[in-house]
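Engineer: One letter stands for each residue in the lines below.
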Amino acid sequence: MSHTVEALHHDDGSAVKEIWKVTGILSLLTIVELVLGFVMMRVDDASLRLSIKGGIVILMIAKAFYIVGYFMHLKHELKNLIMTIVVPLALFIWFITAFLYEGNSYKNLRNRYDPYKKAQTEIKVHKSEEVKEIKASGE
Amino acid sequence: MSTVTATAAPTKLWGGGKSPFNVEYGKLMMWYFLMSDAFTFGAFLISYGTIRFSSNGWPNPNEVFKSFPFAPEGVHAPLVFVSIMTFILIISSVTMVLAVHAGKQMDKNAVVRNLILTIIGGIAFLSCQAWEWNHLHSEGAWWGANPFLNADGTQSSTNFTNYFFTITGFHGFHVFSGVVINIIMLIMTLLDKFEKRGHYLMIEKAGLYWHFVDLVWVFVFTCFYLI
Chain A
634 MSHTVEALHH
644 DDGSAVKEIW
654 KVTGILSLLT
664 IVELVLGFVM
674 MRVDDASLRL
684 SIKGGIVILM
694 IAKAFYIVGY
704 FMHLKHELKN
714 LIMTIVVPLA
724 LFIWFITAFL
734 YEGNSYKNLR
744 NRYDPYKKAQ
754 TEIKVHKSEE
764 VKEIKASGE
Chain B
248 MSTVTATAAP
258 TKLWGGGKSP
268 FNVEYGKLMM
278 WYFLMSDAFT
288 FGAFLISYGT
298 IRFSSNGWPN
308 PNEVFKSFPF
318 APEGVHAPLV
328 FVSIMTFILI
338 ISSVTMVLAV
348 HAGKQMDKNA
358 VVRNLILTII
368 GGIAFLSCQA
378 WEWNHLHSEG
388 AWWGANPFLN
398 ADGTQSSTNF
408 TNYFFTITGF
418 HGFHVFSGVV
428 INIIMLIMTL
438 LDKFEKRGHY
448 LMIEKAGLYW
458 HFVDLVWVFV
468 FTCFYLI
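Line by line, the protein sequences give chains A and B. The numbering used here applies: residue 634 is where the first sequence begins, and numbers increase by one. The numbering used here applies: residue 248 is where the second sequence begins, and numbers increase by one.
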């Protein structure tokens with residue numbers, strides 16, 4: 634196991650080089666995320682918007698990997714330590730899947746069995762008129 | 248014979264007398280604290296996602312977060328201000344790594360320099376957030392008050408503002424405590440506490456916390472401003 638321990642202390646130059654490399658990657662990923670965000674403003678198609686959102690989430694996870702792996706140095710720790718941190722966090726896969734499914738299911742059931750509520754959420758509000766009304770009633 | 252030596256080496260790691268994780272006790276506990284904190288933030292964000300998935304409409308973040316300091320009223324600059332906040336936090340994370348690295352080299356001046364830069368970055372981020380909160384509040388948004396309409400023009404519930412202020416507030420509080428921790432680290436460095444101890448492991452622990460704050464912002468930024 635001595636080789637692993639030695640790998641934790643790499644020499645000065647390469648460590649600083651790695652920091653700047655990761656900084657570049659994080660900045661690049663953020664810029665791509667922002668570009669996708671700006672592209673999404675001009676897209677009206679629902680399924681295309683959803684796939685752009687999926688792309689943004691993948692980039693977000695990549696950024697998280699670089700921050701935890703290199704800035705927090707977890708990638709250079711022993712495998713035991715990595716596993717004791719990462720394995721419990723795998724619960725998130727189930728949490729996210731279950732809760733988002735549940736939320737979506739609740740929406741569909743309510744829309745089906747509570748038509749009044751559904752109609753209420755479909756009323757368009759004209760903001761400028763609403764403001765005028767409030768002002769008028771105030772006077 | 249070779250298999251015997253291969254299995255003998257890892258057992259030595261768990262043979263007692265030293266940390267099987269090859270890290271100091273405090274650093275390991277910091278990792279476990281951050282893991283529990285990740286579950287707290289995860290619970291907040293998943294709750295937000297669940298409510299959003301159960302709603303028929305939701306405000307368009309590009310219509311809500313479109314302002315910029317000192318810009319004329321009614322300017323439409325979505326994502327611009329929040330991307331500046333994101334880069335401030337990324338850069339302050341980089342200076343923190345450099346401080347941790349300098350600590351490993353026992354380079355006190357570099358530690359002090361990079362810690363000061365990190366603290367400035369943290370204060371800059373908090374100032375940006377204070378401006379944004381103040382601006383949204385002046386538009387009528389607060390806990391229990393949502394002046395924004397859904398993207399499809401229907402009436403929005405207060406869920407949007409409640410979640411926004413709670414989660415960015417909780418994150419902002421983490422940034423604030425991170426800045427306080429970094430200031431304490433700076434004072435301890437200036438008082439030569441770590442020089443006397445012979446190591447800068449404390450800076451590494453503070454660094455882990457600071458990177459975690461940056462990590463959470465990656466998720467908050469994506470969930471509230473981009474998606």
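Hints are supplied without guarantee of correctness; some may be wrong.
[To be verified] Here are a few chain A residues that sit away from chain B, every Cβ distance over 10 Å (derived from the structure):
| hint | residue |
| --- | --- |
| 1 | S680 |
| 2 | L681 |
| 3 | S684 |
| 4 | F728 |
| 5 | R743 |
| 6 | R745 |
| 7 | Y749 |
[Unchecked claim] On the chain B side, residues computed to face chain A include the following (Cβ under 7 Å):
| hint | residue |
| --- | --- |
| 8 | G289 |
| 9 | M332 |
| 10 | T333 |
| 11 | L373 |
Hints are computed from structural coordinates only; laboratory data are not their basis. Where is the CB? At the ideal position from N, CA and C, for every residue including glycine.
Engineer: Are the hints correct? Go through all of them and say.
Structural biologist: Hints, verified against the model:
1. Taking the minimum C-beta to C-beta distance to chain B, about 15 Å, the non-interface status of A:S680 holds against the 10 Å cut.
2. Under the 10 Å C-beta cut-off, the non-interface status given to A:L681 relative to chain B holds; the minimum distance is some 14 Å.
3. No Cβ of chain B comes within 10 Å of the Cβ of A:S684; the nearest lies about 12 Å off, and the non-interface call holds.
4. Residue placement check: A:F728 does not keep its beta carbon more than 10 Å from all beta carbons of chain B (closest about 6 Å).
5. Here A:R743 does not stay apart from chain B, with its beta-carbon only about 8 Å from theirs, under the 10 Å limit.
6. With a minimum CB-CB distance of about 12 Å to chain B, A:R745 clears the 10 Å threshold, and the non-interface call stands.
7. Annotated as non-interface, A:Y749 keeps its C-beta farther than 10 Å from every C-beta of chain B; the closest such distance is 13 Å.
8. Here the hint on B:G289 is kept, as its CB sits about 6 Å from the closest CB of chain A, short of 7 Å.
9. Given hint, B:M332 at the interface with chain A, is violated; its Cβ is 11 Å from that chain's nearest Cβ, farther than 7 Å.
10. Hint on B:T333 holds. Least Cβ distance to chain A is approximately 6 Å, under the 7 Å limit.
11. Because the closest C-beta pair between B:L373 and chain A is about 20 Å apart, greater than 7 Å, the hint is violated.
The structure does not agree with the numbered hints 4, 5, 9 and 11 stated previously, though it agrees with the rest.
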